[in-house]
Amino acid sequence: MHELAIADSVVQIASRHANGRRITKVRVKVGHLRQVVPSALAFSFELVAEGTPVEGAELEMEEVPAVGVCRECGVESRLGNFPLQCGACGGFDLEVLRGEELLVESLELEEV
Amino acid sequence: MHRTAVKVVLEGVLDANDALARANRERFDQAGTYVINLMSSPGAGKTALLERTLERLRGNLRLGVLEGDVQTTLDADRLARFHIPLVQVNTDPGFGGECHLDANMVRSGLSELSLRDIDILVIENVGNLVCPAEFKVGEDARVMVYSVTEGEEKPLKYPLMFRSADLVLVNKVDLLEHLDFDMEQFLGNLEAVNPGVSRILTSARTGQGVEEWCSWLERRLPAQRLA
Numbered sequence: 002m003h004e005l006a007i008a009d010s011v012v013q014i015a016s017r018h019a020n021g022r023r024i025t026k027v028r029v030k031v032g033h034l035r036q037v038v039p040s041a042l043a044f045s046f047e048l049v050a051e052g053t054p055v056e057g058a059e060l061e062m063e064e065v066p067a068v069g070v071c072r073e074c075g076v077e078s079r080l081g082n083f084p085l086q087c088g089a090c091g092g093f094d095l096e097v098l099r100g101e102e103l104l105v106e107s108l109e110l111e112e113v
Numbered sequence: 022m023h024r025t026a027v028k029v030v031l032e033g034v035l036d037a038n039d040a041l042a043r044a045n046r047e048r049f050d051q052a053g054t055y056v057i058n059l060m061s062s063p064g065a066g067k068t069a070l071l072e073r074t075l076e077r078l079r080g081n082l083r084l085g086v087l088e089g090d091v092q093t094t095l096d097a098d099r100l101a102r103f104h105i106p107l108v109q110v111n112t113d114p115g116f117g118g119e120c121h122l123d124a125n126m127v128r129s130g131l132s133e134l135s136l137r138d139i140d141i142l143v144i145e146n147v148g149n150l151v152c153p154a155e156f157k158v159g160e161d162a163r164v165m166v167y168s169v170t171e172g173e174e175k176p177l178k179y180p181l182m183f184r185s186a187d188l189v190l191v192n193k194v195d196l197l198e199h200l201d202f203d204m205e206q207f208l209g210n211l212e213a214v215n216p217g218v219s220r221i222l223t224s225a226r227t228g229q230g231v232e233e234w235c236s237w238l239e240r241r242l243p244a245q246r247l248a
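In order, the protein sequences belong to chains A and B.
For the first sequence, the residue numbers in this note's numbering are 2 to 113.
For the second sequence, the residue numbers in this note's numbering are 22 to 248.
Worth flagging that the hints you see were computed from the coordinates, not collected in a lab.
There could be a bad hint or two in this list.
[Said to hold, decoys possible] With a straight-line cut-off of 30 Å between C-alpha atoms, the simulated DSS-like cross-links for lysine-lysine are: (1) 28/B <-> 30/A; (2) 175/B <-> 30/A; (3) 178/B <-> 30/A; (4) 28/B <-> 26/A.
[Said to hold, decoys possible] With beta-carbon atoms standing in for the labels, derived distance ranges: (5) 96/A <-> 187/B: 15 to 23 Å; (6) 53/A <-> 228/B: 47 to 55 Å; (7) 178/B <-> 13/A: 29 to 37 Å.
Backbone N, C-alpha and C define an ideal beta-carbon position, used for all residues, glycine too.
Just chain A, with the same shape it has in the complex (with noise of 0.2 Å):
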């Protein structure tokens, strides 16, 4: 259940970014290779956001697809489930581009 220290974190870079101000949603981008659980992100969250700034926000969660080059014929291609394979060619040799991302993207404050 680490989506509790993940809340946790994403929690207080809001609370930093808000400056005090009210927020009504945060949003953050959460890449394909992680292994964070929507909805247990989402219960942590509201959780950890009681007493804060971030009391009562939404979170927006969007999924960033994984896409990887391939070192074989240099194409690049959408990556499902492992094994990850090169779309085009179905190697297996693969630089990950995109998909591992956790980031908080943006907010929504409430305006003075």
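Take the given structure of chain A and dock chain B to it, following the hints.
Quick look at chain B alone, frame taken from chain A:
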């Protein structure tokens, strides 16, 4: 109805942890200590393998251990007889008992250890196949212990940890004759998520593979340290 404004943040959720991990790593590098993050499910045999390792290594290289557990000092108690630099970090002061070590918890344990007296520090993470993989602690290498009683399919189900491992110790191989475990299938699954990863078949019970694992450890050190 309040109006809202959007503020772009673009900050990595684990940036704060990663910064602390880098600070830990600087301390390790300054002291000349090589650091291993040892991870597995609960009960895969991390501590038992460390016991065999310490029996075999004594005198050759100076091993230190940072034990991470949610509660108790049971693991540290088991290793106390080796009289090595040893510290137990309990994660339960965290939010209900963290399921992993993070860089800050490791940092808090370091004050108890004299890194200059340690060639290799093994950080025995909390037994858990998911969470520890997300948190860097400042390690040079990640080593996973995986026991054959856990089945062949786990690399596909929990790819994050298997992907991040530099070495997998496939433990409890003395039990193979009693199990339906298909080693070839397991190694195929491991290869699928982490192509080319090193692996050693071990048994903490019989000592199989411990020699090879100790050689792997010794090769982590700069040559002059082994003279």
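Going down the list of hints, with the structure as the test:
Between residue 28/B and residue 30/A the CA atoms are separated by roughly 15 Å; this keeps the pair inside 30 Å, and the hint holds. Proposed proximity of residue 175/B and residue 30/A is supported: the alpha carbons are some 26 Å apart, at most 30 Å. A hinted pair counts as satisfied when its Cα atoms are at most 30 Å apart, and residue 178/B with residue 30/A qualifies at roughly 22 Å. With a CA separation close to 10 Å, the supplied pair residue 28/B and residue 26/A stays within the 30 Å bound.
Checking the proposed 15 to 23 Å range against residue 96/A and residue 187/B shows it holds: the Cβ atoms sit about 18 Å from each other. Range check, residue 53/A to residue 228/B: about 52 Å between beta-carbon atoms, so the 47 to 55 Å window is met. Checking the proposed 29 to 37 Å range against residue 178/B and residue 13/A shows it holds: the Cβ atoms sit about 31 Å from each other.
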